[in-house]
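Just so you know, the protein sequences line up as chains R and U, in that order.
Quick note: the first sequence, position 426, residue 1284 per my numbering, numbers continuous.
Quick note: the second sequence, position 72, residue 160 per my numbering, numbers continuous.
Just so you know, the hints here were simulated from the structure itself, not pulled from any lab data.
Keep in mind that a hint or two might mislead.
Dumping the calculated DSS-like pairs for lysine-lysine here, alpha-carbon to alpha-carbon at most 25 Å [unchecked claim]:
| hint | chain 1 | residue 1 | chain 2 | residue 2 |
| --- | --- | --- | --- | --- |
| 1 | R | K876 | U | K534 |
| 2 | R | K1206 | U | K103 |
| 3 | U | K393 | R | K923 |
| 4 | R | K921 | U | K394 |
| 5 | U | K133 | R | K1206 |
| 6 | U | K175 | R | K1011 |
| 7 | U | K274 | R | K1147 |
| 8 | U | K394 | R | K923 |
| 9 | U | K438 | R | K897 |
| 10 | R | K862 | U | K175 |
| 11 | R | K1142 | U | K279 |
| 12 | R | K1209 | U | K133 |
| 13 | U | K438 | R | K1255 |
| 14 | U | K394 | R | K1162 |
| 15 | U | K393 | U | K479 |
| 16 | U | K96 | R | K921 |
Residues from chain R that keep clear of chain U, each with C-beta distances beyond 10 Å, as calculated [stated by the list, open to error]:
| hint | residue |
| --- | --- |
| 17 | H944 |
| 18 | K1010 |
| 19 | C1045 |
| 20 | E1055 |
| 21 | S1250 |
Just so it is clear, the structure is predicted and the values come from calculations on it, not from any experiment.
Positions of the beta carbon are idealized from the N, C-alpha and C atoms, including for glycine.
Take a look at the letters that make up each chain.
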Amino acid sequence: MNYKYFPHTVAEQEEMLKVCGKRSLDELFDEIPEGIQFKREYDLPSEMSEVELRRFFAELGAKNKTLTCFAGAGCYDHYSPAVISHIISRSEFLTSYTPYQAEISQGTLQYIFEFQSMMTELTGMEVGNASMYDGATATAEAMMMAVSSAKKKNKVLVSSTLNPNVKAVVETYAKYQGIDLEYIAECDGVTDKTDFEAKLAAGDVAGVIVASPNYYGILEDYTGWANACHAQKALFVMNCQASALGVIKSPGEWDADIAAGDGQSLGIPMSFGGPYVGFLCTRKSLIRKMPGRVVGATKDINGKRSFVLTLQAREQHIRREKATSNICSNQSLMALYVTIYLSLMGAKGLKEVNELGYSGAHYLADKLCATGCFELAYPEKSFLNEFVVKTSLDIDKLQAECESQGILAGVKIADDKLMLCVTEMRSKAEIDRLVDIVKQFKA
Amino acid sequence: MNSTFYGKLIFELGKEGRVGYSLPKNEFSEHNIDSLPSSLRRSEKMALPEVDELTVVRHYTNMSNNNFGVDTGFYPLGSCTMKYNPKVNEEISNLSAFTTLHPLQGVSTVQGALEVYYNLQKSLSEIAGLSEFTLNPFAGAHGELTGLMVIRAYHNSRGDYKRVNVIVPDSAHGTNPASAAVCGLKVVQVKSLSDGTIDVEDLKAHLDDTVAAIMMTNPNTLGIFERSIPEIANLVHECGGLLYYDGANLNALLGKCRPGDMGFDVMHINLHKTFSTPHGGGGPGSGPVGVRAGLEKFLPNPHVKKSDDGKFYIDNDKDALGSVSAFIGNFSVMLKAYSYILSLGKENLKYVGPFATLNANYIKDSLKDVYELPIDVVCKHEFVFDGLKDKSKGVTTMNVAKRLLDYGFHAPTIYFPLLFHESLMIEPCENESKATLDDFIAVMRKIAHEAAEDPEMVKAAPHNTPVRRPDDTLAATHPIVTYRELMTDTEA
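Chain R with its partners taken away, still in its complex shape (with noise of 0.2 Å):
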């Protein structure tokens, strides 16, 4: 028995089994009842050498494609500066567990305060969490935070603007949490006003959830909504793109609640679905009602500033079946991502970032317009950097044509309609490329 991840010697093992009063390590299972010992190997392939694994791996690559990438829809190509991968490798933050012991723990302790402090900026709330799994989950968590913080009330309005992947989640946390979900119907590519109000006058609505930008990219005009929320004791939940937040009326300008959502567009590779990073952020009188790990300032025994996981008794290991969420961990090392994506963007680089990507989307809708076979599909509404197009081309063609020219063209939404995202990450180049095979495609 020789491997790389097992230290022990043919004599240590005997030594420590001596300590042990056994003879030999199947000794050690003997209190396993027979019938439920397993007794085979185990059907998977041999051991690989790290030179196989390697080969392996580039092998499966192969079979993928990597695309230039002009789809969105709850998953963003931005550009994740160098130093980002460097420091996350780096594996005091990797390797390490849930911050318990502060002593020890004080890197990992400062940077979810850090990334607190940020979230909080970006999304202008009082107070932050230390990250959830994803922007769907963190929506979920919002929705329960909601209803628990509601005294009787059990109903929640959904946008039917919001992400469908979000929407799936938010349902099936709903079906199984009894909480009555309701849509606020959609008119024209936003949420309905009129619908909205109906809903709420009942009087049982306990939170209400919009997004923004919402599913089709369209900038949404909250004006008046948390009033109306709040009139009816009803909390008003944002979910919002996290890096759109740089230029775009932030959900503390909007006067919600609470305010969740995902954090991949600040900087996380899109990794074909995740890790990724949930963020929710609230008011300071909802702190004690906020789901996840909190970190919090506060000094040690010489008075030297330290940080440390706080408010622990709204916690599962504590509040075990009273808990109003079962999270207990964050999405740490992604939360650090974030971290030193805003730390070296700034509020600047930040703009930056969507003022690219408002040219880009724009320059792109005006092109695919001009070729006569697009238009956009709600033209009177404002737009960041993603847009819907109504065509009356063959969608699945067009994006199999584009897909064989290395480009990945949008995301399908219905079968006359495409959705187009464009980041700082595509250039004018990559953009008429896309255009002249539409072109080709057309003609």
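Use these hints to put chain U onto chain R, whose structure you have.
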């Protein structure tokens, strides 16, 4: 350690006008963001730091020096399986052929990624003795919630709506009852015997047609194998309930016993424990959920499947419990776990449980003369002391834990499980050498000696750490959770 930087927050290192990024020039400046209506634009300023690149690099590098990881030293944190996180797995998960994939790109362009998902799912099924896994859940607790949803979906599909109770041992981790509650189920506690295993007689009293499931770990929270598991499985199945296996302690059984063979129907695995993916200071993890044959269709959407021609595809099942993730979960964590399984192969995976168990018993038997061992039996991958044997000097488990930090070890898990007042839960993983264990044992004995000779010194520990005993009460009664609050607060 660079003490100039230590303790400062990134916000305190900025100077107006500094930048830490470089972006391309705007080639489309005819389209200007200023044309967005001002009513939709942000007017409030964000107080983000303005720092140059080197300042950022030094700041976070110095912060990392105030952290302790598995690579730093022995990390015997019970119930957390802090095993070595192989470097090659990190390298593989960073391959651009995977990191650049958009989750919604066409399946024909992601066949390699789907193959990773599918084959990892298959490997876990073999290791667990179950039929199929979903890899969508993001963490252990998320897996628990998903698994309980599977169980509810199953009962509901049979029109059996009265099964609302979940039986949980009193020794269980708090996450078990919390997950049950979030899933809309009621928790019924079952007692433990004095040896820490489930009281089967007490269990029988709770078994009726309201039982949805029982949640167990095996080995249990004390590191003891539940020998009655075949009987428990029969009893629970006879009353129509299912058995849920919390995979937190699976590491002990690799090579020796499979949850499916014990009679479990649904389980989650923590890839960040048993399958070596790094904990990252609290995440990202991954909590795959496996089920026995017949329950596959209830697993959350989307499902990754393989067609007869060998191609992989993504599918949604109408009977599925719903969705628990926007996409297919923490994919890059899956890559690391798959790489781990392939590295070890069938020849080495089977030694993981035995070596972890040998290490735990070796520490236990080497220290039980000075630390109180309430249940003196063969343990599996971990065990629990009830503090020092000699408690006359008032030295607590907390003091022992803090003193360990002075000696360069991470502390064990403390004050859990709740069955003892001074729980000190130790889990040494299979990668730890006898030399490391001997060092740890020597230090634990030294601390026991110090506790007798100089108890006040031990009570004042830690002495050598960057900060010393931060005030938890102040933090909780007067919460300051952002830099903005810190700046405006006068008490902090």
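Taking the hints in turn, this is what the structure says about them:
| no. | hint | result |
| --- | --- | --- |
| 1 | R:K876 - U:K534 | 23 Å, holds |
| 2 | R:K1206 - U:K103 | 13 Å, holds |
| 3 | U:K393 - R:K923 | 19 Å, holds |
| 4 | R:K921 - U:K394 | 15 Å, holds |
| 5 | U:K133 - R:K1206 | 10 Å, holds |
| 6 | U:K175 - R:K1011 | 50 Å, violated |
| 7 | U:K274 - R:K1147 | 21 Å, holds |
| 8 | U:K394 - R:K923 | 19 Å, holds |
| 9 | U:K438 - R:K897 | 10 Å, holds |
| 10 | R:K862 - U:K175 | 12 Å, holds |
| 11 | R:K1142 - U:K279 | 40 Å, violated |
| 12 | R:K1209 - U:K133 | 11 Å, holds |
| 13 | U:K438 - R:K1255 | 49 Å, violated |
| 14 | U:K394 - R:K1162 | 57 Å, violated |
| 15 | U:K393 - U:K479 | 58 Å, violated |
| 16 | U:K96 - R:K921 | 46 Å, violated |
| 17 | H944 | 8 Å, violated |
| 18 | K1010 | 17 Å, holds |
| 19 | C1045 | 18 Å, holds |
| 20 | E1055 | 19 Å, holds |
| 21 | S1250 | 22 Å, holds |
Hints 6, 11, 13, 14, 15, 16 and 17 from the earlier list are contradicted by this structure; the remaining hints agree with it.
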